[in-house]
Structure formats: structure tokens, C-alpha cells
Amino acid sequence: MPSKAKPPESRPVTITAVIDPVAALASGALEGNLFLYDTNKAEGSAGFGGTDLRTRVRSGDRIIWNVVVLECETYAALDEIVIDEKVCTPERKVYPNTDIAYWTATVKRHVTEPVPYRLKFRLGTVTEPYAVSSPALVGQAGAGKEQR
Amino acid sequence: MAQQQGIIVLVDIANALRSRTLTGNVYLFDNMKFLGSTGQGTPDLVTICPGTYWSDGSQATEQVLNWLPASLGSIPPTVPRSYHADRAQATDQEALEEIAGVADRAGDPSVDTAAELEGLRRRVGARARRQRGGRAPAAPKVLDVTGNVVTGEGQAYNHPNPVITDITGPAVEEKIMYPAQYGSPDMVSDGWYWAASVDTSRPGTYRYTMHIQLHELVWRNGEPAWEPVDYTCDSAIKVISDPKRNAFTGAGLGVLPIP
Amino acid sequence: MKPHVNIVVLVDAVGALSDRTLNNGNLSLVDDGAFGSRGQGTTDLCTVVVPGQVVQWTAIAIDVQTTAEISAITFLPPDAAGGAGGAAAEEAPAGEAPGGGHENLDLKVWEGIVPAHLQPGVPYRYRLEVRMHEGRDSVLHIDTPALMCA
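If you read the protein sequences in the order shown, they are chains A, B and C. Going from the first sequence to the working numbering is simple: count from 1 and add 28. Going from the second sequence to the working numbering is simple: count from 1 and add 94. Going from the third sequence to the working numbering is simple: count from 1 and add 76.
Treat the hints with caution; some may be incorrect.
Stated by the list, open to error - Pair ranges (Cβ atoms, derived): (1) Asp260(B) x Pro153(C): 57 to 63 Å; (2) Thr97(C) x Glu119(A): 35 to 41 Å; (3) Glu108(A) x Leu211(B): 27 to 33 Å.
Read the hints as simulated data drawn from the structure, not as lab findings. Cβ coordinates follow ideal geometry from the N, Cα and C atoms, glycine included.
All chains, please: the whole structure from these sequences, using the hints.
Below is the structure:
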């Protein structure tokens, strides 16, 4: 009997930003054109599909942020993540031997109150970033029952 | 419209495999919200197909749909699909170069050659077997979600992208859309993608079913293998049709409004 | 004489939306007129026509997945030097548009007959307005192209 696949213990929590860059450029805003998801729904993350994602994390979790572009021929990338450094310090990395970036961080401490953070994106050839401040990391307790 | 419509099928693969269903684990998008698509980013996307016809009733512009599966929590689709093969080759190459170094040092009694070789074996990584009939990438190494090789059981690995194996349902049976799999030189779609042209002469909302294959890594006697798992998920297209009309007159051809 | 003249409006929508201008190489105009049009491949195309010919404008986005459509063509008064004097292009209210409340510019055929009253050798400039997707920054225009009678 083969051993069935078990979810590995150390799977990172991936936060994926789906973005419609052409719609965002045309409307001048990310709202309505940015959809945030994570892989921690089973742990109680909430707010999928909007800009106010609540990602449930534990101390020691590894987080990865990446981007999926609705129009694959249009450039869109995560430019910066601004978050309380006491909680985590996101770092920009690239997939080995590519110039495609992702951001990663390890949760340094137990999170009680939601920790909001700012995501800045670069779209098309615009030099000024487009930003949202509505997503947050939330802890195991006091994260509410807003599961959807 | 000359614009091609893209439908993104984003799958939470780990959660789908855990709950053994795509229900609640698929998010759908298209780039036609500005023409009336609804349900962006949810499982309930209805994709607008805005048809046009000439005054004699013939179809004016062709609507083309393209489906692009993507995986939540995997290496994103902007990383070329040849990436798995490229990384497998690169890690092999690095290991070969180091084997030469191990051989050079083999005569030195202070060097534990066996331990060095074991270290190399781990760095070369695991190569998953491919289930016959499955559509997993051909004998790739197992990578983690940041593109590094996985060396043993229990490590977080990158799921291969979901694969659409068929598109069926009322929209197809009633000959509203004509889906087929096409070859492409575009590495973003791994050389294959599903596309359909739409007959916009019969307005209405039509459902369709995507057949989606996921791949689960199963370890047998310490050897990993990709096992295909087949699921389905539904969506819909909304066909509308309006007549072409002259933009200057609102009706037929006229003289240009030059002052 | 060819009864039809086609003017193709080639748009780099992502470039135009990023730069917020149709200049900088984000738009180019080409026609197939038979009378030596000037400025082919630029934003300054002067299409040479004769009365009675039918002129048709067609927008093409260089990227197949993005959208660029002509939302207005407005001929400017003869003395409008800076181009701002032309009647502002009016968009159909969204509620009245066919297509379930979403205006589908693909329905519009930008085509018309060259009138008989044009003075030969005088360029009649027009404002060409292009819409890419929807929203605050989605509509851009140029005032530089023209029609001119041979």
C-alpha cells in the first residue's frame, strides 16, 4: 500500500494578488481590479477576492507574496510591502535564474490584533506605485468569525 | 471586437486535494468586466460575449475565449513553463561539477567521501514518476514553491499547474461555443491551451463544465510519483448581440460632419 | 478612383495608459489612400481624399488581450489653431447604450462620405478620441490628424 500524500508540515502560506493591470491603469485605482487570496483558508483566513484579505498566521509561519496578472502580456509586479517590522520583515527574492520576483517573510511573533500592511505595485511602464493598505495578517485568536 | 477574451481559472490546489473537490477552491476571472462580465474573482463568473451583426443579420466580429489555468500558492504562471526542465538541468549541472571536486579530494583521508556524495544526492533532488495517462510534466524534478529542488518526503513542494482536459456542457452541446485545445509557441501556456469561438447569433446564458486535472505527489517506498486527480467545475457565458451602426449618423452611411 | 479609404488607428494601450498620452509612439495612423497622404505611421496623418469617397476608421490594439476603441471623431473648426476649440466629443449615456448598460464601442462603425464643400489643399483636422478599457483615465485623444481634398 503506497503512502498517501500528506500535506507537508512546512508548507508556506502563499498570498496571491490577482491583478487586472489594464483596468487599474484605465481607472487610476486598484480597487475593483485587485483580488487577494491566500492558501490558508482551512486555518480561517477570510476576505478572499477583495483588497481586505485577512490571512491567518502563526508565529514561525513563512509567508510568500506573489502576483498573477490577468493579461499576461502586461507588466505588473509587487514593488514593496510595508508592515510592522516587529511582526515580519518582507524580502524581495527572485525565482532562481529568472527576473521574476516574489516577496517572503517569516512571522516573528504571535499575532493578536490584526496587523494591516501596505502592498505597492508597479503597473505597465508607470513609475509611481499603485498601493492598497487594506490587507492584514491576523492571529489565531480574536480574528473574528468572518469566514466566507 | 478584435480583443481576445482570457478566462483565468485559479485553483487552490492544496485545499482542493485535501477536501477532494474543486467546490470552494476555484476563483474565476476574465478581462471583460467593462463590457458586462459579472462575478470576477468568485466561483460564479459569467463571461460576457458581446456579439455584433450587420444589417443583413450576418455576424460581424468573432468572439474568442481562451482559458488559462493557474495555481494559488505555486510558482506563478509568468515564470516560463520550461522552468521546471531548466531548473532540473541546472541543478544536475551543478552536481556534476561538484562530483569532479569530490573525486579530486577522494585520496585525502580527512575527507568523508560517502558523506559528500550523500550531500550531493540530496541536492540533486527528487524526480517524480509520472502516472501513465496522466498529464503531469514529463519526469521533472520536484521543486518547492520558490523554485528550489525538494529532496525528501515532508517538504513543501510546488504543485504542477492545473490542466484543463476537456470543456463540455450545454454551451458546447447546443453549439454556442466550439472549444478545442490548441498548440502555441507561448511558454506561458506550456505550448497548449484551450480556446473557443462563440456563435453570438443566439443570445442567452449558457453553462459549461471545465474538466480539470490536478496532480498529487504520492510517495511509494521513498520514491515520489505524480498521481492525476480529475475534478470538474462549472461556469457560464452570457451571449448578447447588437447591430453595428454608423457612429456619425447613428443609423446608415452619411456625409462626414465637417464644418 | 478607389471608392473607399481605410484609416487604421494602431494603439499600444498599455503604453498609452501608462504614459497618459497617445503620443510617445503609443498611436500611429496609416491609410491606404491613393493620392499621396502625408505622415503615414505617425499621429499627424493627413489623408488625401476626393469628394464622394467613403472614409472608414478602424482601431486595432497591438496587444490582442487589451482593448482600444474609437470613442469619438470630431472635426475641428477651420480656425482652431490649438485644437481645443472643437466641439467636445460626447459619449452616449451608459444607460442608453445597447449591451446591457455597458457601452460596446465595437458596435460603432466610423465611416462617412467626404462632402463636396471641402476646399482643395486645406487640411481639415479632427480630434480622434480612443478609449481603452473604462474609468477615469481610459479616454485619450489627439487633435493632429486631418483629411484633405486633392
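Going through the hints against the structure:
no., hint, in the structure
1, Asp260(B) x Pro153(C): 57 to 63 Å, "holds (60 Å)"
2, Thr97(C) x Glu119(A): 35 to 41 Å, "holds (36 Å)"
3, Glu108(A) x Leu211(B): 27 to 33 Å, "violated (43 Å)"
The structure does not agree with numbered hint 3 stated previously, though it agrees with all others.
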